[in-house]
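Visitor: Chain by chain, the residues:
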Amino acid sequence: MGSSQIIILAIVATSFATFISRFMGAVTSKKVSVKSKVFLWFNCVAYSTLAALLGRMIIFPAGVLADSEIFIRLLVLTICVSIFILTNRNLVIPTLLSAIFLSILSNF
Amino acid sequence: MINFKVFIQGLKSLKGSRSPAIPLAACFIALGALLKDAGFNIQQSAASSFFTYALPGQLVMAESLLVGASIINIFIAVWLVNFRLYPMTVSLFPLLEHKSQPKWKYYLSCHFLAVSSWLIAKDSYKKISKKHRIDFWIGVGIGTWTTAVLMTVVGYLSADYLNKDMLIGLAIVNPVYFFCMMIGAMKDLSISISVILGTILGPIIYLVSAEWSLLFAGLIAGTIGFLFGEKNGI
Numbered sequence: 001m002g003s004s005q006i007i008i009l010a011i012v013a014t015s016f017a018t019f020i021s022r023f024m025g026a027v028t029s030k031k032v033s034v035k036s037k038v039f040l041w042f043n044c045v046a047y048s049t050l051a052a053l054l055g056r057m058i059i060f061p062a063g064v065l066a067d068s069e070i071f072i073r074l075l076v077l078t079i080c081v082s083i084f085i086l087t088n089r090n091l092v093i094p095t096l097l098s099a100i101f102l103s104i105l106s107n108f
Numbered sequence: 001m002i003n004f005k006v007f008i009q010g011l012k013s014l015k016g017s018r019s020p021a022i023p024l025a026a027c028f029i030a031l032g033a034l035l036k037d038a039g040f041n042i043q044q045s046a047a048s049s050f051f052t053y054a055l056p057g058q059l060v061m062a063e064s065l066l067v068g069a070s071i072i073n074i075f076i077a078v079w080l081v082n083f084r085l086y087p088m089t090v091s092l093f094p095l096l097e098h099k100s101q102p103k104w105k106y107y108l109s110c111h112f113l114a115v116s117s118w119l120i121a122k123d124s125y126k127k128i129s130k131k132h133r134i135d136f137w138i139g140v141g142i143g144t145w146t147t148a149v150l151m152t153v154v155g156y157l158s159a160d161y162l163n164k165d166m167l168i169g170l171a172i173v174n175p176v177y178f179f180c181m182m183i184g185a186m187k188d189l190s191i192s193i194s195v196i197l198g199t200i201l202g203p204i205i206y207l208v209s210a211e212w213s214l215l216f217a218g219l220i221a222g223t224i225g226f227l228f229g230e231k232n233g234i
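Heads up: the protein sequence lines correspond to chains A and S, in order. First residue of the first sequence: 1, per this note's numbering; consecutive thereafter. First residue of the second sequence: 1, per this note's numbering; consecutive thereafter.
Check before you lean on any hint, since a few could be wrong.
[Stated by the list, open to error] Cβ pair distances, simulated, as ranges:
hint : chain 1 : residue 1 : chain 2 : residue 2 : range
1    : A       : Ala66     : S       : Met186    : 26 to 32 Å
2    : A       : Ser33     : S       : Pro102    : 16 to 22 Å
3    : A       : Thr78     : S       : Ile8      : 35 to 41 Å
[Said to hold, decoys possible] Simulated pairs of lysine to aspartate or glutamate, DMTMM-like, Cα-Cα distance not exceeding 20 Å:
hint : chain 1 : residue 1 : chain 2 : residue 2
4    : S       : Lys231    : S       : Asp188
5    : A       : Lys37     : S       : Glu230
6    : S       : Lys164    : S       : Glu63
7    : S       : Lys36     : A       : Asp67
8    : A       : Lys30     : S       : Glu97
Honestly, the hints are just simulated from the structure, not real lab data. C-beta: ideal position from N, C-alpha, C; glycine also.
Whole structure, please, built from the sequences with the hints as guidance.
Guide: Okay, here's the thing in structure tokens:
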């Protein structure tokens with residue numbers, strides 16, 4: 001099998017594996033009432049799973065981010081979250097600055 | 001069929017000081033460059049973002065291909081990393097539910113569910129009348145999804161001009177954006193505990209099992225957060 005075919009198969013497999021969770025979620029949603037305890041539980045699990053992913057992205061990142069120092073990543077994150085709070089929850093400023101800070105700090 | 005005014009309102013969430021456009025652009029530009037590196041052509045790169053549209057899963061796919069993993073392994077690894085989309089959908093779609101709206105809107109638009117669109121929708125659904133929330137969601141979804149696909153192409157095309165430090169810089173934008181949005185969402189005790197515990201448990205369980213870490217950390221932290229909220233009547 002050529003590498004192009006493997007890539008196409010990988011795209012199909014990845015898209016299918018991703019869509020299952022979304023579609024099952026839409027199906028389950030039809031049976032879940034906003035006022036139920038189950039909904040509250042799902043809400044907590046959604047936030048915690050997302051938080052777990054973020055924690056992992058910072059501590060054990062995939063891709064190019066893995067080439068930066070963990071201490072620098074944590075420093076950039078702390079500074080940018082502080083800016084977010086200080087700027088009355090502006091998201092554009094801290095996200096723009098995060099890229100600049102990390103690019104500069106990685107060079108030292 | 002679709003309330004155009006509300007749809008545009010959703011689309012407009014790409015603008016302003018809480019815009020997800022910059023972090024989305026940054027991370028999908030980095031992804032486009034990575035996919036080029038992994039041997040994808042431009043059509044395949046665009047197709048990946050078009051059909052998958054979930055960055056962590058796409059990263060897993062690209063890295064697995066680079067180390068020569070089998071398709072079955074890629075499928076399982078992606079399913080596990082993107083499983084978060086299941087509880088995320090269940091915690092959003094009931095809020096968008098209205099009996100006058102056709103089911104196909106829900107089943108098709110679930111494809112737009114990603115962290116950025118989810119956080120925006122959770123943040124602003126209350127401002128939209130119940131009847132038209134799904135149209136608002138479709139607007140948010142089309143906006144974020146289109147940005148992701150276009151920026152993947154931009155990243156692919158500009159890969160030769162981006163040096164490693166720039167790519168590292170782009171890659172941090174997304175987690176920073178998500179962290180800020182999550183902190184903004186910590187309005188009650190159960191969510192706050194879920195977020196804090198999840199952030200701690202995610203990396204710890206990763207040391208034991210890389211693939212299952214998100215699922216276990218999410219279930220444990222979320223359940224503890226939920227029980228805490230219940231006990232304290234919040």
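Visitor: Any of the earlier hints contradicted here, and which numbers?
Guide: none
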